[in-house]
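Q: So the sequences go chain by chain: A and B.
Heads up: the first sequence begins at 1 in our numbering, then just goes up one per residue.
Heads up: the second sequence begins at 1001 in our numbering, then just goes up one per residue.
Be careful, since some hints might not be right.
[Unchecked claim] Distance condition first, Cα-Cα at most 20 Å in a straight line; then the derived EDC-like pairs of lysine to aspartate or glutamate:
1) B/1065 x A/33
2) A/44 x A/87
3) B/1043 x A/110
4) A/44 x B/1062
5) B/1067 x A/84
6) A/108 x A/86
7) A/108 x B/1046
8) A/44 x B/1105
9) B/1065 x A/87
10) B/1043 x A/84
11) A/112 x A/75
12) B/1063 x A/99
If you are wondering where the hints come from, they were derived from the structure by calculation, not from laboratory data.
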Amino acid sequence: DVVLTQTLVAQPVRLGDQASISCRSSQSLVHSDGHTYLEWYLQKPGQSPQLLIYEVSNRFSGVPDRFSGSGSGSDFTLKISRVEPEDLGVYYCFEGTHDPFTFGSGTKLEIK
Amino acid sequence: QVKLLQSGAALVKPGASVKMSCKASGYTFTDYWVSWVKQSHGKSLEWIGEIYPNSGATNFNEKFKGKATLTVDKSTSTAYMELSRLTSEDSAIYYCTRDTSYYFDYWGQGVMVTVSS
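Isolated chain A (complex conformation) (with noise of 0.2 Å):
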């Protein structure tokens, strides 16, 4: 199986910073018709995970912009631009090239 590795909590950071999240694979996630099904989701506490990227570098519907996805091939980062006290919780880097799917072991963003 393929395995997702993503640090346990990220640096923290202050209200209005950057923050960067990586996930490394351990194949290379590019499926055989091209695309690459590397996914982003966000667990706030309390709730469901609720998808922000999918393949790679598409925000879904009704994601901020200040919420990116960059990478290629078995090396993929999240990017958040202006942390808002809602971007709290746990980020889950999720492959959907590979049987059995896999989910990363989740980052968690923390505000200095």
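Since chain A is already given, all that's left is putting chain B on it; use the hints.
A: Quick look at chain B alone, frame taken from chain A:
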């Protein structure tokens, strides 16, 4: 708007089974797969398997074969997951999701299952 409404929390005895539901609305139920995801307490997420309502076709994570059974009722746009031979390792929150084939764009609110005598 797309909604996935899951059944309520369950307290079940070891060795028993539990069946939970996920009622979809706001989209054509038969056009999308439904996936199920497990989240053990304080831990990450695991994909259990998926079902395509139009045909009933299923795919499973090998880890959950024999543990989870997925079914649908197209007439009510409802997906079901049954977990069998429950142990304490099955205590978790279980989510249903709308599955585009490659990722999950909408999630239910989750069902907490507690296995205890």
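Q: Give a verdict on every hint.
A: Hints versus structure:
For the proposed pair residue 1065 of chain B and residue 33 of chain A, the alpha carbon gap of about 27 Å is over 20 Å, so the pair is violated. Our distance criterion of 20 Å between C-alpha atoms is met by residue 44 of chain A and residue 87 of chain A, whose separation comes to about 8 Å. Note on residue 1043 of chain B and residue 110 of chain A: the hinted pairing holds, with a Cα-Cα distance of about 17 Å set against a maximum of 20 Å. Our distance criterion of 20 Å between C-alpha atoms is broken by residue 44 of chain A and residue 1062 of chain B, whose separation comes to about 29 Å.
The hinted pair formed by residue 1067 of chain B and residue 84 of chain A fails the criterion: a straight-line CA distance of about 41 Å is larger than 20 Å. Distance hint between residue 108 of chain A and residue 86 of chain A is fulfilled; the C-alpha atoms sit about 13 Å from each other, no more than 20 Å. Taking the CA atoms of residue 108 of chain A and residue 1046 of chain B, the gap is near 18 Å; set against the 20 Å cutoff, the hint holds. With a C-alpha separation of about 16 Å, the suggested pair residue 44 of chain A and residue 1105 of chain B falls inside the 20 Å cut-off, and the hint holds.
At most 20 Å may separate the alpha-carbon atoms for a hinted pair to count; residue 1065 of chain B and residue 87 of chain A exceed this at roughly 36 Å. Restraint check for residue 1043 of chain B and residue 84 of chain A: the C-alpha separation of about 25 Å exceeds 20 Å, so the hint is violated. Restraint check for residue 112 of chain A and residue 75 of chain A: not satisfied, since their Cα atoms lie roughly 27 Å apart, outside the 20 Å limit. For the given pair, residue 1063 of chain B sits about 12 Å from residue 99 of chain A by alpha-carbon distance, which is consistent with the 20 Å threshold.
This entry does not satisfy hints 1, 4, 5, 9, 10, 11, going by the numbered hints stated previously.
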